[in-house]
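Enquirer: Model the full structure from these sequences, guided by the hints.
Each protein sequence line maps, in turn, to chains A and B.
Numbering (this note's numbering) for the first sequence: 1 to 576.
Numbering (this note's numbering) for the second sequence: 1001 to 1162.
Quick caveat, the hints were computed from the structure, so don't treat them as lab data.
Just so it is clear, the structure is predicted and the values come from calculations on it, not from any experiment.
Keep in mind that a hint or two might mislead.
What the hints assert, rightly or not - Lysine-lysine pairs mimicking DSSO-like chemistry, simulated, CA-CA at most 30 Å apart:
#1 B:K1161 x A:K308
#2 B:K1066 x A:K66
#3 B:K1066 x A:K220
#4 B:K1062 x A:K286
#5 A:K19 x A:K66
#6 A:K436 x A:K40
#7 B:K1066 x A:K182
#8 A:K220 x A:K436
#9 A:K286 x B:K1066
#10 B:K1062 x A:K321
#11 A:K142 x B:K1012
#12 A:K66 x B:K1062
#13 A:K308 x B:K1066
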Amino acid sequence: MKISGAEIIIESLKREGAKHVFGYPGGVVLNIFDSLYDNKDVQLILTRHEQGAIHAADGYARATGKAGVALVTSGPGATNTVTGIATASMDSIPLVVLSGQVPTMLIGNDAFQEADIVGITRPCTKYNYLVKDVNDLSRIIKEAFHIATTGRPGPVLIDLPKDVTVAKAEFTWPELDMRSYKPTYEGNKWMITQAAHTIAKAKKPVIIAGGGVILSGASKELRELAEHAEIPVTMTLMGLGGFPGTHALSLGMLGMHGTYYANKAVQESDLLIAIGMRFDDRVTGKVEAFAPHAKIVHIDIDPTSIRKNIRVDVPIVGDVKRVLTVLNKVLKEEVKEQWDEVRKAWLKQIEDWKAERPLTYTWSDEVIKPQFVVEKIYELTRGDAIITTEVGQNQMWAAQFYKYDKPRTWLSSGGLGTMGYGFPAAIGAQLAFPNKLVIDIAGDGSIQMNIQELATAVINKLPVKVAILNNRYLGMVRQWQELFYNERYSYSHLDVVPDFVELARAYSAVGLRATKPSEVEPVLKEAFKIHKPVFMDFVVNWKEKVYPMVPAGAPIDHMLFEEPEKKPEKKLKAVK
Amino acid sequence: MRHTISVLVENKFGVLSRVSGLFSGRGYNIESLSVGETIDPQVSVMTIVTTGDDQIIEQITKQLNKLIDVIKVTDMKELEHVEREMVLVKVAPKQEDKAEVLNITEIFRGRIVDSSQKTYTIEITGDEKKIEAFIELVKPMGIKEFVRTGKVAIAREGVKKK
Ligand SMILES: Cc1cc2nc3c(=O)[nH]c(=O)nc-3n(C[C@H](O)[C@H](O)[C@H](O)COP(=O)(O)OP(=O)(O)OC[C@H]3O[C@@H](n4cnc5c(N)ncnc54)[C@H](O)[C@@H]3O)c2cc1C
Ligand SMILES: Cc1ncc(C[n+]2csc(CCOP(=O)(O)OP(=O)(O)O)c2C)c(N)n1
Ligand SMILES: [Mg+2]
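Expert: Below is the structure:
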C-alpha cells in the first residue's frame, strides 16, 4: 500500500523510537502536522519559538542519550533553529531536525518563506539532506538517526519540500549501506598497550575527562581506571558528571574557571590522560605553557580532535568505553603495577593544594550570594536532580558549587555558550524524566532569551524549576569590564528587569522571591514541593565575580582569586 | 609546504560546497581545485592543491576524511605520482614575434587551438614547472589572458616512494 510522505515520516520516527517531537507549524509542514493530528505513537510538543524547540530536543537528548527530534516550517521557522543546531553541533549532541521546504519546483525561485537551510546549516550540522524523491525518504530518515547518534554524535537536518510530504510511495525500511561513513570504535591495541606502560611509569598523572565520557556512557570504566591506578580526575565543563564530583579523586573542573587544585595538578603533572575531550582554549589557556612537563595520552573517537591544538604522545582513536575496557584489562593483567606507594606523594600534594585554596566565596548576612543559592540547591536535592544552566556567571557557579555524581545530570551549552539554552533544555529533560527534579540555574539576562517557553512548560504540565540568580547585570560581561576594561560598564547593565514573580503568575506558573540569605532555603523548599513550573527570583549581590579566573590567553596556573572586599557589602547592594 | 590532495567523493549535489566550505570555514587555503567523474559514475575525484605546515595538512586530511560524503583521501606527497595541468594561453604577438611564439609552442609540444588575425590560443599540458616556463617565455611577447585547469594527479602503479 502506498502512503504519503508525511505518513512515511511518522512511521520512520516511530521505528526510530522517537516518541516526542518538539516543533512549530507553518505552511509547508501542514501535511506532516495533519498526519500527527490523530497519531498515537509520536507526540508533538508545541513550543513557543523554534529556538525553544531545538534546545528542548537538545535537553531531551542530553538527558536520555537518544537523538532529540524537532520539526519546523520553512524560511523563518528553519532559520530560527540555527542557533540551536550550532549549539548541539559544538557540544556533539545528537539531533534530527526536520524542516519544511517550499515545493521542489519552486526551490531557487525566492518563493514565499524559502530559505536555503541546507546551505545555511552545512557548517553546523554533522550532515544534512534535501529530500527530492519520496522514495528516498525513509532511508534518509534512517540514515539521519544513524549519523546523528553514532561516532562523534551531532545534529542532522532533513529538508522536506512540501510536495515530497504529499507524494505517495510504498513504505520500505532498507538496510543501511554507507561506504563513506564508518566511525572507528576499537582503539589500536598496540597504542593502548603503549598507554598502559606510560601510565605505569608516571609519577604524577592526571586524567582529564570530557564530554566524550558521557556521550560514550563510559563513567564506570573511567572510575575503574582512576581507582585502579589511583589517578586524580579533573573534568571539562562538558565532562561534569562523567566522574563523581564527590569522589576523593575528583579535582572538579579545570580551565578558565576551574579549581586551583585542578589547574595546579595539570600544570605539574608528568602524564595527562585526556579522555573524550578536545583541548578547548577555555581548558588550555596559553597553549605553549600548557602542562609543560606532561606526556599526553589522548583518547577520542574523532581523529580531528587529536593534535588539533595540543601535541600528543600516545594518540588513540576509538570509543572511550571500548578503549578504557581494554586499557583497564591491560593494566590489570599485563602491567600489574601496585600504585599505593608510588602515588602517595602526588596524592598528598593534591590534598595540600585542595586545602590551600578550596572553592570559596565570602559569606554575607545581608545580601544573597549567588554561590550560596547553588550550594543550597545542591544540599536540598542531595545532588539528585537534573541541572541545566544558562550562560555566564550563573553557569560557572552552577559548575563549581554543585557536585555532579552521575552523567546526564548536568546540561549546559559549553562550546557555543548559548544564552537562552537552559530553560527549554530543562523542559526537554523534564519531558523525558517526568518524575525527576529538573532545575535551570539561570541568569536574569539569559532567561529572557527564551522566556516564552514558560507557556510550553505550563501547558504540558512540566514542573521545571528556574532559579534566577538575578544580579540585574549581564554579569559575566560586567566581570570582564570590571577586571579588564577599567570598570567601563558599557551596556552590560540591564536597567529594567521584569518582575519575574509577576511574570510567572501571568503565565499561570508560580513565582517566588528571596531577597535575604535567610529566605533562600524556604523559597527553594517551597518550590521543590510545588508540582508546577516555578520561577524563583533570587536577588543576589550584583558585584559578585566568578573565581578563580584565568585571564584569557594566560597559562592556566595564573589564576585570579577574590580580593578581600575593601568596602562593606551593604553599600554594594544599592543599584538603581 | 605545498600538497596535492586527491579526494574521492560521492558524486552528489552539494559535495563540492561541503569540501570548499571546509576550507573556507577553517581558514585553509585552496590554490587550485579540479573535479571530475571517475570510472565509477557515482564517484568523483577532487584534486586539491593546498599549502600549510605538517599540522595543518594533517588537520586538512582528517577533516576531509570526516566529511560523510568523502570516500578516500590521499596526500600525493606520500606517493610516487604523476601530476598534470592544462593551460590555454591567448597571445597577441607583434608581427615579428609570431614565428617565435610558434617555435616555443612547438618546443613545449603545445598546440594552437584557435587563431585570429591578432591572436593565437595555445594549449599546453604538463606539470607545473613546464607550464610556468612556457608562460615566462611567451610573456614578453604579449599574453592577453590565460586559464588553467588546476592540477590533476594520479599515483604511479607499483612504485614505492623512496
Ligand atoms: C562562559 C563559559 C566559560 C567556560 N569556561 C570553561 C572552563 O573554565 N573550563 C572548561 O573545561 N570549559 C569551559 N567552558 C566550556 C568550553 O567552552 C568547552 O565547551 C569545553 O571545555 C569542551 O569540553 P570537552 O573538551 O570535554 O569537549 P566536548 O565539546 O564535550 O567534546 C567531546 C569530545 O569527545 C569526543 N567524543 C565524543 N564521543 C566520543 C566517544 N564515544 N568516544 C570517544 N570520544 C568521543 C569528541 O570527538 C570530542 O572531541 C566554558 C564555556 C562558557 C560558555
Ligand atoms: C546568545 C548570546 N549572546 C551573547 C552572549 C555573550 N554573553 C556571555 S555571558 C553574558 C551575560 C549573561 O548574563 P546573565 O544571563 O544575566 O548571566 P550572569 O552572567 O549575570 O549570571 C553574555 C551577554 C552569549 N553567550 N550568548
Ligand atoms: Mg545577570
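Enquirer: Confirm or reject each hint.
Expert: Comparing the hints with the structure gives:
no.: 1; hint: B:K1161 x A:K308; verdict: 27 Å, holds
no.: 2; hint: B:K1066 x A:K66; verdict: 22 Å, holds
no.: 3; hint: B:K1066 x A:K220; verdict: 29 Å, holds
no.: 4; hint: B:K1062 x A:K286; verdict: 24 Å, holds
no.: 5; hint: A:K19 x A:K66; verdict: 11 Å, holds
no.: 6; hint: A:K436 x A:K40; verdict: 24 Å, holds
no.: 7; hint: B:K1066 x A:K182; verdict: 10 Å, holds
no.: 8; hint: A:K220 x A:K436; verdict: 22 Å, holds
no.: 9; hint: A:K286 x B:K1066; verdict: 28 Å, holds
no.: 10; hint: B:K1062 x A:K321; verdict: 22 Å, holds
no.: 11; hint: A:K142 x B:K1012; verdict: 19 Å, holds
no.: 12; hint: A:K66 x B:K1062; verdict: 27 Å, holds
no.: 13; hint: A:K308 x B:K1066; verdict: 14 Å, holds
Of the numbered hints listed earlier, not one is contradicted by the structure.
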